[in-house]
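Once you have looked at the hints, place chains B, C and D on chain A.
Chains as they are written, first to last, in our numbering: chain A, 30 to 167; chain B, 30 to 167; chain C, 30 to 167; chain D, 30 to 167.
Because the hints were derived from the structure by calculation, they are not lab data.
Keep in mind that the hints are not guaranteed to be accurate.
Any copy will do: because identical chains look the same in the list, a pair fits if it lies in one copy or spans two.
Listed next, the in silico SDA-like pairs over lysine to any residue satisfying Cα-Cα at most 20 Å (straight line) [what the hints assert, rightly or not]:
| id | residue 1 | residue 2 |
| --- | --- | --- |
| 1 | 133 | 108 |
| 2 | 133 | 119 |
| 3 | 133 | 155 |
| 4 | 35 | 166 |
| 5 | 133 | 166 |
| 6 | 133 | 144 |
| 7 | 133 | 167 |
| 8 | 133 | 146 |
| 9 | 133 | 165 |
| 10 | 133 | 101 |
| 11 | 133 | 117 |
There are 4 protein chains.
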Amino acid sequence: MDENLKARIEESFAAQTMMQTLGAEVASVTPGEVQITAPILPIARQQQGFGHAALTFALGDTAAGYAALTMMEPGRDVLTAEIKINLMNPARGALLRATGRVIKPGRRLVVVSAEVHAEDENGAETLVALLQGTMVPV
Amino acid sequence: MDENLKARIEESFAAQTMMQTLGAEVASVTPGEVQITAPILPIARQQQGFGHAALTFALGDTAAGYAALTMMEPGRDVLTAEIKINLMNPARGALLRATGRVIKPGRRLVVVSAEVHAEDENGAETLVALLQGTMVPV
Amino acid sequence: MDENLKARIEESFAAQTMMQTLGAEVASVTPGEVQITAPILPIARQQQGFGHAALTFALGDTAAGYAALTMMEPGRDVLTAEIKINLMNPARGALLRATGRVIKPGRRLVVVSAEVHAEDENGAETLVALLQGTMVPV
Amino acid sequence: MDENLKARIEESFAAQTMMQTLGAEVASVTPGEVQITAPILPIARQQQGFGHAALTFALGDTAAGYAALTMMEPGRDVLTAEIKINLMNPARGALLRATGRVIKPGRRLVVVSAEVHAEDENGAETLVALLQGTMVPV
Chain A
30 MDENLKARIE ESFAAQTMMQ TLGAEVASVT PGEVQITAPI LPIARQQQGF
80 GHAALTFALG DTAAGYAALT MMEPGRDVLT AEIKINLMNP ARGALLRATG
130 RVIKPGRRLV VVSAEVHAED ENGAETLVAL LQGTMVPV
Chain B
30 MDENLKARIE ESFAAQTMMQ TLGAEVASVT PGEVQITAPI LPIARQQQGF
80 GHAALTFALG DTAAGYAALT MMEPGRDVLT AEIKINLMNP ARGALLRATG
130 RVIKPGRRLV VVSAEVHAED ENGAETLVAL LQGTMVPV
Chain C
30 MDENLKARIE ESFAAQTMMQ TLGAEVASVT PGEVQITAPI LPIARQQQGF
80 GHAALTFALG DTAAGYAALT MMEPGRDVLT AEIKINLMNP ARGALLRATG
130 RVIKPGRRLV VVSAEVHAED ENGAETLVAL LQGTMVPV
Chain D
30 MDENLKARIE ESFAAQTMMQ TLGAEVASVT PGEVQITAPI LPIARQQQGF
80 GHAALTFALG DTAAGYAALT MMEPGRDVLT AEIKINLMNP ARGALLRATG
130 RVIKPGRRLV VVSAEVHAED ENGAETLVAL LQGTMVPV
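One chain only, chain A, in its complex shape:
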């Protein structure tokens, strides 16, 4: 089942040109949890040279959305109704890793959260952002 789940998410992910622009990849898919990774590309910086908040948001929101999708029937798609991000540390290093999780599944609303960590060349992690939001099946 997880292979089907991963295939469904990979297919949707491949249709998101923004994900390709940012160099993002689906790193793992399990029921209720999805990880997305991306480098901090030169094209995705803010004014101080760190990864842009919109990059961090893109990864966290996408990981959270696909985490919600793992709890829905095949054929459904998912949209973000709302999401909030607290940014805590600069997005710098070798890689950003967003982990999206389902907090409360539901037929009409799915409450989700996501953590985005930056990983340096030695694999040391720093928490860059925490997100909390609501996904809706469509």
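Leaving out everything else, chains B, C and D in the frame of chain A:
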């Protein structure tokens, strides 16, 4: 003064490679309010072909951040501490226009909001998203 | 119609014991906008003697919820799915006035905002809090 | 040290009349985590007879604020700059238990979260709400 203000913001904006990647421009700057516009580029789509939530977020967050910067002394920079986005309509049409506004200025925290509208070829507007957040001077 | 609307909201409001505990009243009802007022009672203070954040939240959330209810068919009730509050000034003075507004009506989700102002003895207003959230019809 | 910490928080808590109105108590204090409990009093209901969202908010916000205070020097007080709540299940049962945690300490901003669970007569727990916010030392 507004010319200086605009120059300060244009300079910071030019250093954000993410803004260039998304084709964004500073459309207007007045004390407490900044507008950013961008097309919905083929590289910035979600899985249904609409503009990605991260595009809408990028414009709204940036407009709100620069609105906050208009209330700060020269030489300061601004970071997003946290921001929340409610997404209401698909990002489609000729242009997205984000209008960021200062709700409450402050030395330590600046409360901001932003509206992001989509404009079609005839200039008709649809509200795509509403954001509310907190900027910090650095 | 507005009289019926007001009667529906007054009936629901009267069933909320928390509103009576806080001394709150429905001050005005129009389609898409509801005002709730309350004094800052001695029983509803925080540690510095100002009105508690939960008082401000209670009024803003309730005004926003009933604003959403004005856009729904009779017989429906409304619940808060999520809401965010930015607190900007202490809740002090003669009265708190919460104004809830519908930003985007919808059959499944209603996006709302609310402002909470404090009014002093001379009627001068200070913005205490801004809320943005999502209501769901039930 | 934890005894001093608990004493500091108990003292501040005792000055919050809203907490007494709601019947709330400090259940536990450790560095970075505080629990607050309260019954669902008849005076704190919403229109369907469940605990009011403002009760849930009050407990979650207070637990999160005091969690932040555990990371600050003696003599400091803490205020909520902003907080977001996702409400997931009705507040019903014998008791509400809010657990506030520090996500990221800081001199100027402290990022916090809180979970609010309802406990029934048998001690079974249901997640009522999740909060994420920003506290500021004053």
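Comparing the hints with the structure gives:
Taking the closest pair of Cα atoms, residue 133 and residue 108 come within 20 Å of each other both inside a single copy (16 Å) and across two copies (16 Å). When the C-alpha separation of residue 133 and residue 119 is checked against a cutoff of 20 Å, the pair qualifies only between copies, where the shortest distance is 13 Å, while the shortest distance within a copy is 29 Å. Taking CA atoms no more than 20 Å apart as the test, residue 133 paired with residue 155 passes between copies only; the shortest distance there is 11 Å, against 26 Å inside one copy. Taking the shortest Cα distances, residue 35 and residue 166 sit within 20 Å of each other inside one copy (18 Å), while across copies they are farther apart (33 Å).
For the homomeric pair residue 133 and residue 166, the shortest alpha-carbon distances inside one copy (13 Å) and between copies (18 Å) are both at most 20 Å. In this homomeric assembly, residue 133 and residue 144 come within 20 Å of each other (Cα to Cα) both inside a single copy, at 16 Å, and across copies, at 12 Å. For a Cα distance limit of 20 Å, the shortest separation of residue 133 from residue 167 qualifies both inside one copy, at 17 Å, and across copies, at 18 Å. For a Cα distance limit of 20 Å, the shortest separation of residue 133 from residue 146 across copies, 13 Å, qualifies, whereas the shortest one inside one copy, 23 Å, does not.
Proximity of residue 133 to residue 165 under the C-alpha cut-off of 20 Å is found in both arrangements, the shortest distances being 12 Å within a copy and 16 Å between copies. In this assembly of identical chains, the alpha carbons of residue 133 and residue 101 lie at most 20 Å apart only when taken from the same copy (12 Å versus 26 Å across copies). In this homomeric assembly, residue 133 and residue 117 come within 20 Å of each other (Cα to Cα) only across copies, at 7 Å, whereas the closest approach inside a single copy is 25 Å.
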